[in-house]
Structure formats: structure tokens, C-alpha cells
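Asker: Chain by chain, the residues:
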Amino acid sequence: MSTQSLIPTVEVQDDFRARAHKALGDQQLRNNFRSAMDSLMTKRAVAFSDAHEREHLRALGNAIRARALSKLPDLLEQLEQNLTRNGVKVHWAETVDEANGIVLSIIRAHEARQVIKGKSMVSEEMEMNHVLAEQGIECLESDMGEFIVQLDHEKPSHIIMPAIHKNAGQVASLFHDKLGVEYTKDVDQLIQIGRRVLREKFFEADVGVSGVNFAVAETGTLLLVENEGNGRMSTTVPPVHIAVTGIEKVVENLRDVVPLLSLLTRSALGQPITTYVNMISGPRKAEELDGPQEVHLVLLDNGRSQAFADSELRQTLNCIRCGACMNHCPVYTRIGGHTYGEVYPGPIGKIITPHMVGLAKVPDHPSASSLCGACGEVCPVKIPIPALLRRLREENVKAPDSPHQVMRGQGSKYSRKERMIWNVWTRLNTSPRLYRLFGFFATRLRQLVPSNVGPWTQNHSAPKPAARSLHELAREHLAKQDKH
Amino acid sequence: MSAKQNILAKLRKSLTGTTPLADNFDEALVTEPWRYAPEQRIAQLRKLMEAVHTEIHLTTAADWPQRVAQLMRERQLPSLLIAPATAHGQQLTAYWQQCGDLPPLKAYDRPVEDWKAELFNDTPASLTGTLGAIAATGSLIVWPTPQEPRLMSLVPPVHFALLNASEIHDNFYEVQQKFSWAAGMPTNALLISGPSKTADIEQVLAYGAHGPKDLVVLILEDR
Amino acid sequence: MSDLFYNAVPNATRVAPPLPQPREYPQRKPAQVYLFGTCVLDLFYPEAGMDAIHLLEREGIRVEYPQGQSCCGQPAYTSGYTEQAREVARAQLALFAGDYPVVVPSGSCAGMIREHYADLFHDEPETLKQVQALAARTYELAEFLLHVCKVQLQDHGNPVKVALHTSCSARREMNTHVHGRALLSQLGNVERVEHDHESECCGFGGTFSVRMPDISGAMVADKTRALKDSGAHQVVSADCGCLMNINGALEKQREALRGQHLASFLWQRTGGGQ
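Protein chains in written order, with the numbering used here: chain A, 1 to 484; chain B, 1 to 223; chain C, 1 to 274.
Calculated directly from the structure, the hints in this document are not laboratory data. Any given hint could be a false lead.
Stated by the list, open to error - Taking lysine to aspartate or glutamate and the EDC-like style, the derived pairs with C-alpha atoms no more than 16 angstroms apart in a straight line are:
hint	chain 1	residue 1	chain 2	residue 2
1	B	Lys4	A	Glu204
2	B	Lys116	A	Glu204
3	A	Lys464	C	Asp99
4	C	Lys150	C	Glu57
5	A	Lys71	B	Asp23
6	A	Lys285	B	Glu113
7	A	Lys480	C	Glu57
8	B	Lys116	A	Glu77
9	A	Lys483	C	Glu47
10	B	Lys47	B	Asp170
11	C	Lys29	C	Glu115
12	B	Lys213	A	Glu377
Just so you know, these numbers come straight off a predicted model, no measurement behind them.
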């Protein structure tokens with residue numbers, strides 16, 4: 001496998017709505033997502049069979065994350081101190097460019113050519129594979145799902161199950177084409193093919209990259225959860241380990257991890273725990289026989305401090321990346337992860353992406369929700385996702401000259417015309433006389449409703465008002481009642 | 001200003017006038033639903049670990065080397081990696097010498113760099129101890145040491161793990177408290193809850209993704 | 001109501017509100033209630049509003065329908081036009097000033113008043129008190145019939161299979177599915193059938209249905225298919241937005257199946273209008 005063939009050439013095309021239209025017409029994709037999400041929802045429900053226990057644990061999870069955020073700068077400093085004491089080198093980056101620069105300089109210092117990566121959404125934010133490939137450095141994904149999407153020059157469509165949009169047949173063709181192996185749809189065999197290819201890469205790699213699930217300030221510990229063992233391989237076999245994570249991932253105490261871990265694995269896949277919980281507190285000591293000689297941690301901001309600045313939007317940073325919100329989202333289930341066009345899809349993606357790339361780049365994200373509330377209901381750390389979506393809609397329609405600057409790209413959906421329509425609506429609904437007049441004419445002229453009233457009639461017959469409004473009927477009826 | 005200073009300054013400005021939230025950690029929530037009578041612990045651990053394809057054998061402090069030998073024969077494993085400086089490594093070595101006709105033991109007694117290819121390509125099985133287990137989640141607690149390094153429980157396709165029955169604890173919180181984990185963590189600490197697995201293709205569960213395909217736990221009932 | 005704690009220190013990191021306790025209901029039913037008809041019902045389902053009035057009157061309750069009422073403000077609120085929503089909400093407040101219950105025959109509108117008015121007026125202390133008091137005496141119709149009136153319904157209709165669809169936000173904020181199911185279970189000849197993905201959104205979502213017609217359309221197509229496949233003779237719902245969405249789609253598909261407002265269904269089944 002050449003390095004060239006692995007350079008991601010992902011181009012996001014069209015706008016959100018055009019991509020959604022396309023995805024909705026792809027029956028294979030619809031089936032793949034529906035069946036996968038149904039199964040994930042069932043697994044979560046089984047794992048949280050005791051609603052009382054679940055709700056109290058979610059409240060604790062929320063309190064732990066909120067406490068960490070309420071002292072975030074202090075905890076980050078404490079984390080750095082303890083990691084440094086343990087021998088880990090800590091780096092800070094405001095932007096993805098800075099983060100990539102740090103990673104590149106570490107790689108160059110070791111004259112490394114091959115990088116093996118465990119699963120890391122932050123490295124996706126950084127487009128690390130692409131950046132390293134441009135420098136002639138192979139950066140290979142080792143999570144089976146990530147490996148599959150990387151082979152196909154795609155991006156993950158789900159934060160926990162990156163290749164969930166593909167079925168076994170599609171993976172079989174991909175492996176056959178790209179790896180030159182015999183075509184097989186047998187999942188066990190496909191996984192063994194991946195194992196063979198990647199074992200070689202773990203063996204050869206000069207640098208291992210991973211994400212972090214929780215960074216514990218108290219002990220200076222990086223905690224990673226996974227099922228495959230690729231995370232352990234990436235962080236143990238190569239001589240250098242670079243962990244990349246967002247600045248929000250810190251928790252205060254080691255014991256805080258206990259409920260968060262339970263919430264994470266049960267919400268994500270319905271598992272009581274993942275196969276591996278890997279707690280890394282430092283590089284190899286002199287007397288130890290394996291493990292990396294160097295461990296680095298890159299702490300990335302990339303818009304998180306913008307979300308942090310507003311106490312309502314700050315709740316976005318409670319997220320522990322379980323993916324339950326997308327598993328339960330009726331919109332995500334139908335359009336799939338790629339439609340969102342960004343690193344984080346689904347409900348959490350809709351509320352976090354605007355801080356990373358600016359609202360103007362993802363103007364449709366906040367609107368692409370019926371606000372049904374399924375995401376907020378299952379969020380293990382109780383992020384009020386529907387409320388935050390609504391808030392982003394508010395920021396999205398703000399006048400460009402608004403003195404209150406909350407986020408990059410705010411006001412990207414501002415339209416004088418639309419604002420005027422809502423002002424007329426307000427006038428109508430705050431003036432009883434006008435409202436009744438409107439009701440009178442709407443009912444009397446109901447036959448005049450055209451059969452095509454824009455997007456509504458794409459899916460529905462034209463709405464026809466009743467012959468008389470409730471205002472009229474009730475007035476007559478109640479007047480009679482009062483006479484009796 | 002450095003990136004660090006910029007980030008911290010922004011965060012501090014956003015917290016102006018606020019005080020940190022109090023720590024109201026309610027330990028009952030992570031302990032009470034996860035308590036087991038002593039005689040239930042093995043059954044609980046077994047139920048969870050077997051559900052994810054872990055093989056579990058009940059044996060004793062005296063008999064386990066014999067059981068390992070038997071399991072090796074059944075699987076036709078050509079060799080076994082051990083940690084020679086550990087007590088269990090020595091017990092196994094003694095038993096092996098006594099029997100004479102068993103597959104060779106390999107010792108992990110030098111830095112990985114000196115024998116990486118052999119570890120990856122020619123080490124079919126390993127045996128390690130554990131620090132105990134957690135009944136609530138079906139997890140082994142493994143703290144690799146200089147004597148028993150971390151790759152032993154990761155690279156060989158078959159991993160035998162010894163577990164003392166008396167060291168099966170109820171839940172992760174209890175383990176952290178009882179052994180004061182927060183006071184000092186090792187370079188690497190692990191919870192291992194089964195053989196390596198993945199469901200990344202169509203959510204079909206497949207074992208032996210990158211780590212061991214088989215995890216075999218020998219529970220020493222009398223220890 | 002989540003914002004109330006944070007007014008003193010606007011920068012303070014937020015904690016989720018305490019776990020909700022089951023709502024306590026008055027021991028006795030009141031002599032009089034307000035009916036808040038809501039805008040969609042007013043113009044598109046006025047008969048459901050009248051049937052709600054009949055059901056309440058049959059319980060011996062006098063119904064007041066303030067003629068100045070219009071909309072709860074939800075469409076603007078969920079579209080991000082918070083100012084506009086606030087002014088429309090404010091216009092309703094004075095109309096429901098009396099200290100007796102406000103009954104709302106539409107789940108999501110009741111939820112708007114109970115859960116979101118406090119957010120709208122979080123920086124107006126006087127108005128906030130007023131909306132908190134209003135929220136405390138606001139009930140969704142099914143909830144009010146079940147828990148305050150403690151109705152005992154007598155079914156006079158022929159055997160029928162119905163599917164119940166509840167608005168998602170109302171179900172989550174107001175437990176409307178529980179109330180709706182309990183009322184239907186009182187009707188001896190009514191068999192409630194489950195439909196596939198029953199708790200999933202029908203795709204309405206207010207302006208979502210016109211902003212994202214492709215996605216919304218896929219959702220309502222799945223919902224109507226599930227309802228048809230359930231074997232139900234008719235659909236019942238206590239939310240007018242969902243009804244408009246589901247019925248509009250069924251009509252466009254030229255299907256015979258229709259949704260009816262719960263108030264009308266209950267009134268007709270129990271001998272009303274005869």
C-alpha cells in the first residue's frame with residue numbers, strides 16, 4: 001500500500017440541503033443507518049434498564065463535567081503540572097494549524113516516516129492524515145472502521161462507528177480493490193485481513209498518535225477506552241506517543257472517571273465497559289522493558305474557548321463523545337453522517353461545529369432539526385441540545401450589526417425579508433383586533449388557498465382553514481351557555 | 001503571548017465573577033447498584049466476561065500450572081511467553097521443568113527493541129498475573145511492571161491471566177479507593193474485559209481485532 | 001425553566017436542573033378554567049377546540065375563552081426570533097390573569113408555556129413571577145381530564161383500532177403519551193395499536209417542515225407508513241402541528257387513513273354531539 005493511495009482527497013460537495021437530498025434518495029445508505037441506529041438504541045436501552053439509576057447517574061455525569069468546566073483553567077494547569085512531573089511533554093495549540101505544527105515538529109525531531117493512529121476525533125479536526133501526507137509522512141488509521149474509511153478516501157460518518165454507512169459487501173469490494181485480497185463478505189475474515197495489514201504497521205511505525213477520552217488533572221493520567229486493542233498498540237509499541245485532545249476533556253479527580261466511563265460505554269454501544277480501559281500516566285521508565293520513550297500531549301482549543309465564553313453555549317463542552325445523540329436522531333438516521341460535511345455529525349456536531357468552523361460555514365446546521373428532543377433525552381451528561389440548537393438559530397438570524405458578538409459567523413442567516421415577516425406575524429399575534437380580522441378572512445377565503453404553497457405542498461396537500469374559527473365558535477357557544 | 005497564555009486568559013475571562021462548583025460526588029451512585037455477596041462475585045464476573053467470549057477456568061494455587069499445560073496442549077500452542085521474575089513465572093517454570101515434555105517457555109527479560117520481530121511474529125501465547133478484578137463490569141485489573149511488561153497482555157494472540165478469587169472486587173470505585181489509586185498511578189494501568197473485538201463492520205461482532213483473540217482467565221479459588 | 005438559577009452570575013457554569021418530580025394535581029376540580037385554543041387549532045381544527053369545551057363542560061366546569069388570545073409564540077421562538085416570541089407571549093399573559101387553570105388542547109403549546117416562558121422572561125423579574133405562576137396552572141387537555149377531572153369515560157362507539165401519535169416535545173416535556181394512553185384505555189371498544197418507531201418524530205417541527213422539506217418529508221413518509229402498517233382504523237393525536245403534518249401527508253398520498261384530535265375522538269366516543 002503506497003502512501004500516495006492513502007492521501008485523503010475528500011471534497012465536500014454542494015450545500016447541506018443538496019447533500020441531504022442525495023442521501024435521502026440512497027436506499028442502501030438509508031437501510032444501513034436505520035438498522036444500525038435501531039440496534040444501537042436497543043443496546044443502550046438494555047444497558048440502562050433501570051431508569052432511576054440511569055437518571056441519577058446522568059445527573060452525576062452532568063455535575064462532574066460542569067464542575068470541571070467551572071474550574072477549567074486551573075485544572076488544565078494542574079494537568080500540565082502533573083503530566084510534566086510524570087515525564088509527559090504538554091503542548092498547547094489555539095488552532096489546528098498550530099497543533100499540526102507541533103505534531104510535525106515532534107515527528108521531524110525523530111525523523112519519523114510512518115505514523116500509526118488510534119481513533120481520535122481531534123486528529124480529524126486537524127485533518128492530520130492529510131497534513132502529514134503532504135509532508136511525505138504516512139499516517140495510517142488503525143481503528144478498523146477508520147481504516148476502512150481511510151482506504152476509501154472518506155471521512156467517518158459516525159464518531160464511534162466510522163464506517164457504519166458501509167455494509168459488509170461494500171467493505172469486501174473495497175478490500176478486494178485496494179488490498180488485493182480475495183473477495184469475501186465474511187466479517188470475521190475481513191477483520192482478520194485488517195488485522196494482518198495493521199499488525200505490520202504497528203510493528204513498523206515510528207510514532208503512535210491517539211486521542212484521549214478523559215485527562216485526569218489530579219494524577220496526570222490520560223485515559224483511553226477502546227475495544228480493538230489498536231489504541232493500546234498505537235500508544236505502546238512505537239517509540240513515541242503523541243496524544244491530541246480538546247481542552248475540555250479534563251476532569252478533576254480519578255474517581256470522576258468512574259461514572260463517566262459507565263455513562264460513556266453504556267450510552268455509546270450498550271456495553272458495561274469497553275474491552276480495554278488504558279490509563280497512561282507517563283513514558284517508559286528506565287527499568288521498564290516496553291512502552292514509548294516519549295509521550296506528548298497536545299491540548300487544542302479550536303473554537304472551544306468561544307463556546308466556553310457563553311455560559312449557555314458552554315454546556316456544549318460537557319460532551320464525552322458517546323454518539324448516543326446521533327444514534328437517536330431521526331434526522332441523522334435518515335441523512336447519515338457525511339451529509340453534515342464536517343468532522344462531527346448529528347446533534348452534537350450541529351452544536352459544536354459552528355464554534356470550530358464558524359456559523360457561516362454551516363448555516364443550515366442549526367435548522368436541520370425538528371427539535372424533537374431525542375438527543376437531549378439520551379445525552380449522558382445532559383447537554384440541553386435542543387435548547388442550544390434554538391440558541392444557535394437565534395445567533396444565526398441576528399442582524400450583522402448586532403453589538404453582542406457571541407460567535408464567529410453569527411448572523412449568517414440574517415434576512416431582512418424574513419425578519420419583516422416575523423415582525424408582521426408579531427403584529428398580528430399581539431393585536432387581538434388584527435388577529436380576529438385575519439382569522440375571519442382566512443376562514444372566509446379558504447377556498448382561495450392555492451394548491452401549491454411552497455415547500456409545504458412538496459409533502460402535503462395544501463392546508464385549508466376551517467369554515468369558521470374557534471374564536472367565533474367559542475364566542476357563540478359560550479354566550480349561549482352564559483344565558484342559561 | 002504563547003498559545004497557553006492566550007487559551008488560559010480567554011477561559012479565565014469567561015469565568016469572571018464566578019466561583020467553582022462544589023464537589024458533590026455521590027459515591028452511592030457508583031457503588032450501591034454494584035455490590036455483590038462474596039460468593040456471587042465469581043459468578044458475576046464470569047457472566048460478564050463469558051458474554052464477551054472470555055474463557056474462564058476455576059482452579060487452585062497448586063494446580064493452575066498443570067491446567068495451563070493442559071490448555072496449551074489442547075490448543076497445540078508451540079510456546080508460552082512468561083515473566084520469569086514473577087512468583088507465578090517461577091512456579092510455572094518449576095512445573096515445566098518437572099514435566100519435561102511441554103512446549104518451551106519464553107522469557108520477557110529484555111527490552112522489546114531487542115526481540116520485537118520475535119514478539120510480533122513468533123509468540124503465540126503469554127501468561128500474566130493480575131492485580132484482581134471488578135465484578136460489576138467483568139474486568140481484570142492489570143498494572144504492567146518492569147518484570148511483567150505491558151505488551152505481554154496485548155501482542156500474543158492467546159493471553160492466559162491468573163486471578164485470585166479473593167481479589168475480585170465489587171466495582172471500580174471501590175478498587176480506586178481501597179488501593180489509593182489517586183495517590184500514585186503507574187506508567188500504564190489497564191482494565192481488560194475480554195479478548196480484543198470490533199463491531200465496525202455492519203455491527204457484526206468479530207473477535208481478535210488487534211489484540212489477543214483468546215483471553216483465558218484462570219481463577220485460583222483458594223487464593 | 002433551566003435558566004433561573006444563573007441570573008445572579010451570568011457567567012457561572014450551568015448545572016442541569018434537578019430531576020423532575022411527578023407533578024402534583026389539585027384534589028378537587030375547579031369550577032372554571034381558561035381554554036387556550038392555540039393558533040393552528042383556531043384556524044384548522046376549531047371543532048377539536050369545541051369538543052374540548054364540551055368535554056370540560058360535561059365535567060361541570062365553566063370554560064372561559066379569552067377572545068384576545070392568539071398564539072403561544074412557539075413558531076418564532078423555535079425559529080430563533082426570540083424578541084418576537086416574547087412580545088407574542090406577553091400579549092397572552094394578561095388574558096389569563098385569573099387564578100384558575102389554563103387548559104391547552106395542544107401538547108407542544110402547553111409545553112411552550114410550562115417549560116419555555118420562563119426562559120423568555122428570565123431578565124424581567126416581575127413578568128417572570130407572572131409566567132411561573134401561569135406555568136404552574138397550565139395543563140395539557142388530556143392531562144387535565146385524567147388527573148384533575150379524574151374522568152371516567154363510557155364508550156358508546158363500535159369496536160375500533162386506533163394508533164396514538166404524540167408530539168415529541170410534548171411527550172418529553174409533558175408526558176402526553178402516558179395521559180393519552182390512559183384515556184384511550186378507558187374506552188372499552190377502543191383497541192390501541194402500537195406503530196413502528198412510535199416515539200419517533202413525525203417530521204413537523206414547526207418551520208423545520210418548510211425549511212428542510214426533504215428531510216421532513218422523509219420523516220413523515222416513514223411515520224405515515226408506520227401508521228398505515230399498524231392496522232389502525234384511525235390515528236389520534238393531541239397535537240395540532242403533528243395532525244396537520246400527518247393528515248396533510250396522508251391526503252397528498254391519497255390514503256383514506258386520517259388523524260383526529262383526541263378531544264374530538266373522546267367526545268364522539270362518549271356520546272357527545274348526539
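Asker: The structure should be examined with respect to each hint, and the outcome stated for every one.
Answerer: Hint check results:
With a C-alpha separation of about 34 angstroms, the suggested pairing of Lys4 (chain B) with Glu204 (chain A) is violated against the 16 angstroms cut-off. Of the pairs offered as hints, the one joining Lys116 (chain B) and Glu204 (chain A) holds, with about 10 angstroms between alpha carbons and a cut-off of 16 angstroms not exceeded. Pair hint Lys464 (chain A) plus Asp99 (chain C) does not hold up; C-alpha atoms about 36 angstroms apart against a cutoff of 16 angstroms. In summary, the hint linking Lys150 (chain C) to Glu57 (chain C) is supported, as the alpha carbons are separated by about 14 angstroms, within the 16 angstroms threshold.
Restraint check: the Cα-Cα separation between Lys71 (chain A) and Asp23 (chain B) comes to about 11 angstroms, which is no more than 16 angstroms; the hinted pair holds. Proximity of Lys285 (chain A) to Glu113 (chain B) is assessed by CA-CA distance (about 15 angstroms); at most 16 angstroms being required, the pair is judged to hold. At roughly 13 angstroms between alpha-carbon atoms, Lys480 (chain A) and Glu57 (chain C) fall within 16 angstroms of each other, so this suggested pair holds. For the hint pairing Lys116 (chain B) with Glu77 (chain A), the CA-to-CA distance comes to about 37 angstroms; that exceeds 16 angstroms, so the pair is violated.
Note on Lys483 (chain A) and Glu47 (chain C): the hinted pairing is violated, with a Cα-Cα distance of about 22 angstroms set against a maximum of 16 angstroms. A hinted pair counts as satisfied when its Cα atoms are at most 16 angstroms apart, and Lys47 (chain B) with Asp170 (chain B) qualifies at roughly 14 angstroms. For the suggested pair Lys29 (chain C) and Glu115 (chain C), the alpha carbons sit about 23 angstroms apart, so the restraint of at most 16 angstroms is broken. Distance restraint check for Lys213 (chain B) and Glu377 (chain A): the Cα-Cα separation of roughly 37 angstroms exceeds the 16 angstroms cut-off, and the hinted pair is therefore not satisfied.
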